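*Asks:* Could you build all of it, start to finish, from the sequences and the hints given here?
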Amino acid sequence: MKNKLRLLFIMIAVAVVVPLTGCWDRREINDVAFILTTAYDLEPDGNFRVTVQIPLAGQLGGAKGGGGGSGGDKTYYIDSDTGRTIREASAKVQARSSRRLFSAHRRVVIIGEDLARTHGIRDLFEAISRFTENRITSYMIVSKGKAADLLNTDPPLERFSGEAIREMAKAQGRAVINIKNVAQELNTPYSDPVILYLGKKETEGGSDKKTEIQLLGYAHFKQDKMVDTFEKDKANALNLLRKHSRPYDIVIPFGQKHISLEMTDARTTIRPVFKAKNNVTFQIKVWSKMAVMENLSGSDLTDPVIFRQVRDKASESLRQTLLETLKQIQKYKTDPIDLGKHIWRSHPGKWQSTYRHDWRDRMDKADFDLQVQTDIIQIGYISSNIAEVTRE
Amino acid sequence: MRPKKGSSNNESDNGSTDDGTSQKETGTRYDTVEFEFLSELDTLPLSDNLEENKKFLKRIFTDCSDVVNRPFTIEKDIPALALFVDGLVKTELVENALENLMIFEGREPDVESLMSRSLPVSQVKTTENYGEFLEGVLNGDTGILLHSNAKGLLLGIRGPAGRSVNEPETEGVVRGPREGFTENLRINTSLIRRRIKSPHMKTKPFVLGRRSQTPVALIYVEGLTNPGLIEEAIGRIEKIDVDIMVESGFLEEFIQDNAFSPFPQMQVSERPDTVAIALMNGRIAIVIDGTPMVLLLPTTFYQLLQASEDYYERFQMGTLIRWLRYVFLFISLFMPGLYVAITTYHAELIPTTLLFSIASAREHIPFPAVVEALIMEVTFEALREAGIRLPKAVGSAVGILGALVVGQAAVEAGIVSAPMVIVVAITGIASFTIPSFNGAIALRMLRFPFIVMGAMFGVYGILIALMILIGHMANLRSFGVPYLSPIGPMNPASLTDVFIRSPNWSIQRRPGFLNVLDDVRVKGSLTKSIWRQRGQKGIDVNHGRNDESSGDGQDEK
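Chains E and S, in that order, are what the protein sequence lines are.
Heads up: the first sequence begins at 1 in the working numbering, then just goes up one per residue.
Heads up: the second sequence begins at 1 in the working numbering, then just goes up one per residue.
Calculated from the structure, these hints are not laboratory results.
Owing to the predicted nature of the structure, the values given are computational and were not obtained by experimental measurement.
We put the CB at the ideal spot given by N, CA and C, even for glycine.
Partial list, derived from the structure: chain E residues whose beta carbon lies under 8 angstroms from chain S:
1) 27
2) 28
3) 57
4) 58
5) 104
6) 107
*Replies:* Below, the structure is given as structure tokens:
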């Protein structure tokens with residue numbers, strides 16, 4: 001009797017447990033097509049164009065698979081369609097695919113410049129985040145020109161253009177710009193996202209040309225609309241201002257020629273001070289460490305006087321680009337470096353009472369007290385060019 | 001009972017003392033004795049008429065070609081009879097004993113005096129009934145019956161043991177004793193006795209098997225092992241009523257707590273040192289004649305994951321090896337199931353590049369992942385089974401065939417994918433890391449339900465199966481000891497022998513869950529001083545150097 005009850009109990013438990021699994025969502029890997037990268041563009045008629053890059057499982061093989069992009073059969077294919085909504089467009093692509101498109105492994109999302117500038121990116125998050133299959137830790141990228149064109153490059157070092165883009169985004173280190181982080185920055189009305197800005201470029205020098213992907217800098221957003229770009233030095237300056245310093249090279253003129261320096265490390269502090277009434281001044285201090293990589297000027301860097309001159313030149317050059325960057329930020333009344341947040345953190349009362357409501361208008365009137373201090377920590381292991389004529 | 005000397009048996013008084021032939025017309029009561037089991041003869045006394053005995057023995061041993069019935073005469077006129085089973089006795093020694101008897105002179109030949117004066121045999125026993133007499137003879141004793149003596153002698157000259165003591169095959173070690181048990185009960189008990197030279201180590205004898213009459217010894221340490229446990233074990237063994245008992249597995253199935261569990265509730269060991277350590281931990285060993293496998297009980301799950309060598313090498317290594325086993329325990333149980341579940345339900349869990357490798361390998365495979373897994377696992381089990389049963393020379397051929405056919409050709413032909421081969425291979429290796437074979441079998445069997453659950457319900461299914469499994473294991477007991485102790489009912493003091501292999505000097509107490517009577521293993525003061533000095537340091541060791549003191553003196557102050 002006890003045993004029978006027990007058996008009954010087990011049967012009920014099993015019967016209850018089994019339907020808890022929800023739907024029968026078994027899918028063999030063979031029946032799935034993995035979307036590696038999606039590119040979103042805006043069509044002239046206002047529709048969305050969705051382009052997906054899908055690796056061909058058969059071509060991926062470890063042992064038999066050929067190397068990178070050496071011509072011939074590609075390891076992926078690209079398909080695209082348009083629709084009034086993003087879902088409609090991707091449903092059309094799905095309709096002509098024999099396998100179920102599976103986006104859980106999409107690690108890069110590319111946004112066309114047109115879409116970012118005229119339509120804004122806020123609508124994209126709707127389609128992306130509504131279902132768990134799309135991972136919101138995918139990197140977000142803005143492409144120069146059409147997003148689909150960026151997908152159609154074939155970077156020689158990687159198997160897929162999407163993979164190359166991901167590697168470049170990943171190399172940005174701590175400053176991860178993924179769907180989740182961008183969405184969070186869009187949440188707050190007084191701060192703005194920046195998104196990596198990539199373009200394509202023909203390789204030079206080789207006999208057969210390849211299109212390679214190039215990191216151009218950051219797309220400058222005002223809320224969800226792109227307004228400008230930070231390129232070259234400005235992008236690096238923005239990194240410093242966002243406190244995500246990454247090593248980069250600067251070239252300063254010195255004497256007749258140039259000196260190449262690598263900024264290896266930097267630290268930034270931003271402190272709001274309220275000197276004048278109703279106006280805020282940001283004291284921005286940047287400490288940077290640099291190393292001399294190439295010295296064409298012929299000057300002897302071991303000479304303390306020259307050393308100091310080089311150091312001051314480097315500081316000045318860095319200061320200039322920082323100022324230009326700040327100017328551009330102010331010009332569009334945007335706040336990608338979270339200046340508002342600095343006020344909020346150090347003077348929460350003031351922020352709540354005065355600045356919060358019209359931060360963007362006050363933003364462009366803010367003053368900057370910019371101090372740049374540079375240490376040259378290394379001048380290399382030689383004092384002068386080893387091929388220099390030293391003997392009479 | 002005391003022997004009733006010379007008297008008794010009315011029917012046999014008339015037996016003519018001179019040898020020679022029968023007294024057929026005197027129909028003795030032995031003519032009608034029918035029996036099925038020897039125990040029924042316990043009430044049948046030996047006759048003091050040798051002819052009667054001879055006749056009866058002849059009748060019951062008809063067609064037993066291995067039973068030798070050797071009449072002889074002591075001192076010219078006393079007829080006697082030696083009865084033994086050829087092959088069970090040491091023939092030279094028996095001959096030696098008979099020689100002594102035959103030239104015995106001058107004394108009245110009764111059993112007692114023979115025993116005390118003329119038999120240079122250490123184990124001699126007298127008996128008055130047929131049951132005991134025959135049992136002794138069939139166990140390898142040499143039985144001697146004298147005329148006009150209603151008592152028989154049993155000379156314990158047991159013979160060639162068969163196999164000599166060899167290195168245990170199932171539990172090899174690099175460092176440690178190389179003796180393994182044999183098929184002979186006496187040798188086995190002696191191997192244990194050699195390690196525990198204490199009168200408190202008891203070897204309680206049993207005879208199991210109605211027909212086989214197999215001797216069994218239950219070994220424990222008095223004053224250490226929980227008396228309740230001993231009582232329970234004895235009680236369970238005494239209930240057994242079966243015709244033959246040939247292997248520890250027979251006994252295990254009769255006395256285990258849960259007859260239907262896939263998990264073994266007793267440990268099996270071929271190593272005397274393992275058994276000795278177990279006895280010292282307050283466990284009981286059961287030695288069965290005819291098998292080198294000794295049962296250890298009670299057994300908890302973690303004990304199945306320990307090998308004796310853990311204790312012989314450095315404790316750090318013992319700890320690492322244990323963790324390796326724990327990890328591989330889970331691998332051997334879950335790996336194929338998880339692989340199936342994740343590839344068919346949770347592809348998003350696999351790192352993208354790894355997924356692409358798997359996808360490309362699976363691209364041309366005609367089967368779903370479950371079928372693939374089942375094919376491979378079943379094939380692997382078949383290969384393993386084939387390898388065990390075959391002679392060694394052919395066994396290696398099976399290995400090669402398996403590696404080539406399953407490992408390579410099947411992958412190249414696109415029938416199974418390479419990742420699946422890797423998964424199955426790792427799983428196979430993982431199950432070999434479990435030191436006890438019977439523990440590994442449980443996991444081998446349970447792997448299949450996990451594959452099925454994983455294939456039907458994904459990781460969720462595997463978790464359900466795991467819950468059921470843990471529930472079952474928590475429910476199991478081995479002779480009253482919870483199977484998962486000391487983790488199941490938490491016993492913190494004993495955990496030091498589970499998660500790590502504590503240094504020998506630091507384990508001061510025996511495992512708490514066995515309720516031993518005396519739980520001191522190492523004196524606390526010793527542990528303390530080793531701990532404090534980080535080892536044993538001599539106080540006055542002076543290596544002939546007077547220039548500096550040898551650093552240890554300070555510790556003592």
